Amino acid sequence: MTSTAVIDGQQPSLRTHAHDTVAAGTTHAKGQQHPIRLYLVVWGWLFVLSTCSYLVDYFGLHGYLRWSLILLFMILKAGLIVAVFMHMAWERLALAYAILLPPVAVLIFVAIMVFESEYTHFIRALFFASPT
Amino acid sequence: MAETALTNPGGSPARAAGWQGIADDWSSDQRAFKNVSWGKAMMWIFLLSDTFIFSCFLLSYMTARMSTTVPWPNPSKVFALEIAGHHIPLILIAIMTFILISSSGTMAMAVNFGYRRDRVRTAILMLVTAAFGATFVGMQAFEWTKLIMEGVRPWENPWGAAQFGSSFFMITGFHGTHVTIGVIFLIAIARKVWRGDFDVERRGFFTSRKGNYEVVEIMGLYWHFVDLVWVFIFAFFYLW
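Quick note, the sequences are listed as chains A and B, same order.
At position 94 of the first sequence (counting the first as 1) the number is 94 in the numbering used here, and the numbers step up by one without a gap.
At position 29 of the second sequence (counting the first as 1) the number is 29 in the numbering used here, and the numbers step up by one without a gap.
Treat the hints as calculated values from the structure; they're not laboratory data.
Predicted model, so just to flag it, every value in this text is computed and none were measured.
For every residue, glycine included, the Cβ atom is placed at its ideal position computed from N, Cα and C.
Some hints here could point you the wrong way.
A short list of chain B residues far from chain A (calculated; beta carbon distances all over 10 Å) [unchecked claim]:
| no. | residue |
| --- | --- |
| 1 | Phe52 |
| 2 | Ala94 |
| 3 | Val137 |
Chain B regions said to be covered by chain A (calculated; three or more residues, Cβ under 8 Å) [what the hints assert, rightly or not]:
| no. | region |
| --- | --- |
| 4 | 215–223 |
| 5 | 229–235 |
Work the whole structure out from these sequences, hints included.
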């Protein structure tokens with residue numbers, strides 16, 4: 001993260017003379033100036049990744065291969081959207097971590113609910129499952 | 001670090017990066033988010049809370065699906081469409097995904113043109129985004145109609161576990177509501193941009209505050225979040 005360049009008081013981007021310093025995508029000009037090309041490239045990648053995840057279903061992949069591919073494409077897409085479209089890659093880490101770390105706690109909730117639902121499933125199979 | 005208070009708009013000293021930066025920003029007895037306006041910070045915090053809401057929905061869906069002894073309906077078949085005599089699995093959802101991603105692309109470009117103070121392009125791109133969003137909601141209405149006609153209800157469906165219907169209507173319904181609100185939000189902001197409110201610093205009728213083009217970026221954060229949630233719904237509900 002080389003771009004601690006702009007720390008511009010309260011209101012970024014208000015000046016008309018803020019010319020597009022269309023340098024590399026990492027230069028943090030006044031109020032998030034990045035070349036349009038960057039957005040088009042990310043847009044293209046999102047299309048490719050969505051097509052890939054659709055093809056997982058189209059070709060009917062199964063089991064762990066299917067699940068890991070779905071998760072991989074999902075995480076890549078989510079990462080691209082948050083990092084580039086939502087500009088998180090250029091924010092200061094204090095904001096990025098404040099927003100991105102709390103959702104990680106959801107994974108603990110997932111683990112708890114996996115235990116819970118496996119127990120429920122076990123009990124149901126034991127006492128209530130009717131042969132269909 | 002006393003001299004980096006808010007009252008110092010001109011050249012504040014360079015701030016540390018990395019962990020040192022986080023510790024400095026949070027412990028400085030000032031605002032923690034140094035170069036982020038309150039509007040943007042509040043939108044991020046709202047989105048964080050919305051993340052937890054959708055997480056809870058997806059978790060309840062996971063719990064229902066894992067704990068039922070009845071087989072789960074196969075989404076690949078449920079959401080298949082017959083197009084020109086061909087039976088294509090999940091095609092409607094795939095098209096909806098591409099539409100929402102495209103709307104995110106146009107939104108990102110609208111934010112960019114906003115910061116270049118290109119009023120007309122910003123407004124047009126925002127309206128294109130709104131049109132994509134409205135198309136998405138329309139397709140979702142079509143999907144709901146189709147499923148309801150086929151007998152899907154929150155308490156039963158013809159193919160398997162009864163919880164399929166309640167999870168489906170809950171998750172996609174809540175997401176569709178978000179998209180609808182986003183479309184209204186987009187049109188409202190696009191109108192302001194078109195009228196040049198942010199160039200002449202016209203005061204808003206509700207807040208009496210002067211707006212600026214950062215509003216477009218804040219609006220964009222919400223819109224990209226809607227797209228982001230769809231990525232997870234697509235993966236967990238439709239593909240899993």
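To see whether the hints hold, each was checked on the structure:
1. Not every Cβ of chain A is farther than 10 Å from the Cβ of Phe52 (chain B); the closest lies at roughly 7 Å, contradicting the non-interface assignment.
2. With 10 Å as the threshold on Cβ separation, the claim that Ala94 (chain B) sits away from chain A is violated: the shortest Cβ distance comes to roughly 5 Å.
3. The beta carbon of Val137 (chain B) is kept farther than 10 Å from every beta carbon of chain A, the shortest such distance being approximately 19 Å.
4. With 3 residues having a Cβ less than 8 Å from any Cβ of chain A, the region 215–223 of chain B passes the three-residue criterion, so the hint holds.
5. Using a Cβ-Cβ cut-off of 8 Å, 4 residues of the region 229–235 of chain B lie near chain A, which meets the minimum of three, so the contact claim holds.
Checked against the numbered hints above, the structure breaks hints 1 and 2 and satisfies the rest.
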